[in-house]
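Engineer: One letter stands for each residue in the lines below.
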Amino acid sequence: MMPEVHQNPLTNRESEAPMLPEAWRVVANDWENHDTFTLQLERDSGGPFAFLPGQFNMLYGFGRGESAISISGADEESGTLYHTIRRVGTVTRALSELNPGDTVGLRGPFGSAWPVERLFGRDLVFIAGGIGLAPLRPAIRYALAHRERYGNIVILIGARSPEDVVFPAEIDQWSGTEGVETRVSVDRATPDWKRNVGVVTNLIAKADFDPSNSAAMICGPEIMMRYAILELNKRGMDDAGIFLTMERNMKCAVGFCGHCQLGPEFICRDGPVFRYDHFKHWFSQREL
Amino acid sequence: MREEPQILQRADFGALFTALQSRGFTVVGPTVVDQAIVYEELDSVEDLPIGWTDEQDAGRYRLRRRDDEALFGYVVGPQSWKQFFHPPHVKLFGASRDREGALRFESSNEETPRFAFLGARSCELHGMAIQDRVFLGSGYVDSEYAGRRENSFTIAVNCGQAGGTCFCTSMNTGPKVDAGIPHDLALTEILDEERHYFVVTVGSEAGRELLSELPTVPAAGPETRAADELVAKTAREMGRTMNPKGVKELLYQNLEHPRWEELADRCLTCANCTMVCPTCFCTTVEDVTDLTGENAERWRRWDSCFTIDFSYLHGGSVRQSAKSRYRQWLTHKFATWQDQFGSSGCVGCGRCITWCPVGIDVTEEIAAIREEP
Ligand SMILES: Cc1cc2nc3c(=O)[nH]c(=O)nc-3n(C[C@H](O)[C@H](O)[C@H](O)COP(=O)(O)OP(=O)(O)OC[C@H]3O[C@@H](n4cnc5c(N)ncnc54)[C@H](O)[C@@H]3O)c2cc1C
Ligand code: SF4
Ligand code: SF4
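Protein chains in written order, with my numbering: chain A, 1 to 288; chain B, 1001 to 1373.
Don't take every hint at face value.
As the list claims (entries may be wrong) - Restricting the straight-line Cα-Cα distance to at most 25 Å, the calculated cross-link-like pairs of lysine-lysine (DSS-like) are:
no.	chain 1	residue 1	chain 2	residue 2
1	A	Lys280	B	Lys1323
2	A	Lys280	A	Lys234
3	B	Lys1233	A	Lys280
4	B	Lys1245	B	Lys1233
5	A	Lys234	A	Lys206
6	B	Lys1323	B	Lys1245
Treat the hints as calculated values from the structure; they're not laboratory data.
Please work from the sequences and hints to get the whole structure.
Structural biologist: Right under this line is the structure:
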């Protein structure tokens, strides 16, 4: 039996004021590439912060607003959290301008999670497009930290161009890990690019995993996820073995604002991670 | 809560206001403003729409004089009670920078008002119960809503007539105020040749306590029978009907029905229907900063799935076409709501039909989709 996605244990459900952010301090703000940066944040109150891979927070830029941002990693020793953010508009721009020592508002964690700890014994296929690697990274790190408990681990990463690839140093590290197949593909290569060229979903056909005993976790643009599912199905993978994450406009993250609805699902609460067989009916509808 | 129904004479109705006001409640109820019956703060019984009734049809609402002095001789107007629990505009928090430049967050700590709602109809009580499931019953709790709800006192009214766009019997939400739906007191207004009185039943402990202070006498058989017959008559007079059977599956299977395109030609995407609907709950947020730049506030205000920005994602909105936005609304109300909150999102109040400028009628649309394309 394929496991379900991991629902938010909602450590904060009892919260009296689920819309009230908490102050977190910027430890570092580093550019990953020309438009994407990673904020390392430390909780002002110092308390512990538990989350599951795939969950997200609402980050508040002073006077500008909030954005849903996935947790892209955590440092267990210091208790700091990482958020990797593409600068696209008002709020993400405000966040990009933060300096170490500044504070942001943070609410979370929200949403469902990749069920990595329920997939022991299987091959894992991670498929990321662009910034989609950020929400997958905690799951990949978890799998690698428990390497012996899984079969093959395949990590397929796509980006528009070499300079759009996020976490290149960490990807190199993964590439060097025994029993981990890491492939990166870009749509538009530069002369010095030595890896694959073309859409990331082209890599699925040749990847080494057993479709009858594996699970795929996909995060990227919807069109890319559609093709990834097609390719996985072609390899014989069942819809129930495919997990994907969705994005919709989100104003509250707690099921009050109504914006993130997609069919009967509230992306903030029932998602963002879905098991594809449960979600299929809604995923295939235009303008829903 | 079973209790002998009581009789409150029309001449003693003022005592109800006094009892509520002496308990610190602000009485809110129907009153005539700009040719419509709206819900506002009331000082006395004289503020009620005495002797008025309403005529409603798709895209049409008119007030008309009755030939009696009934206090509740009309149905529901353009507003619902949701504005008092789920205010159209509410402050979520204030943020400020302290001396070191660090942000401090403070929730809005305005005092929660204490409202007594006079004249809520059965469909409206169901509407409140539906919003309760949204804001209190599905994981997180909205503290603003919870506080306002907890502080309130509700005096319901059984409908003595149905409106031209009402279909509560189809949705199983009225016209009679059932004991199972949360309220404190329920009134049935009876006017006959000689008398004008109210049959009062108790819905809660707080209701019992308040009733004990009113100058009432136990109702006799003929009086309670008159009250029962009146709502039974109302139930037979519904201006609209709808077959709710299997409507969820119907809409799930018809996301590409040609009717949606046809609807899109008529719908102005004005969002009136979502504003008047007692269960629609969607909101957006607004961020403001003061002139010093040291203080910011975040506000929440009502929003509608009919706006193009509602589904905005970097790069463009998901629901571009009017078709997709109308489909979202209707499918949410009648279908996905059931999966989300365990009931229909429609209580059959008819407001969206009456207040649609082009007279789109949800009962007609669902019937059309039910017919084979
Ligand atoms: C569950 C979830 C996880 C996400 N994780 C990440 C992440 O790890 N890194 C990252 O860079 N981005 C992530 N996003 C997308 C990110 O939330 C948006 O890019 C961001 O809100 C854009 O805000 P803006 O004000 O800069 O852009 P503008 O274009 O000015 O957007 C205006 C408003 O529209 C809404 N909006 C616009 N685009 C999106 C979007 N794609 N998703 C949701 N709301 C949107 C927001 O409410 C935003 O405030 C995630 C979105 C969701 C739903
Ligand atoms: S959908 Fe229309 S009839 Fe139903 S509750 Fe809302 S406003 Fe009333
Ligand atoms: S259905 Fe009517 S009220 Fe609703 S958005 Fe369309 S035109 Fe406006």
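Engineer: Now look at each hint and say whether the structure bears it out.
Structural biologist: Each hint, compared with the structure:
1. A:Lys280 to B:Lys1323: holds, 22 Å
2. A:Lys280 to A:Lys234: Holds, because 16 Å separates the two Cα atoms, which is no more than 25 Å.
3. B:Lys1233 to A:Lys280: With a Cα-Cα distance of about 47 Å, the restraint between lysine 1233 of chain B and lysine 280 of chain A is violated, given a limit of 25 Å.
4. B:Lys1245 to B:Lys1233: holds, 24 Å
5. A:Lys234 to A:Lys206: The hint holds at about 12 Å.
6. B:Lys1323 to B:Lys1245: holds, 24 Å
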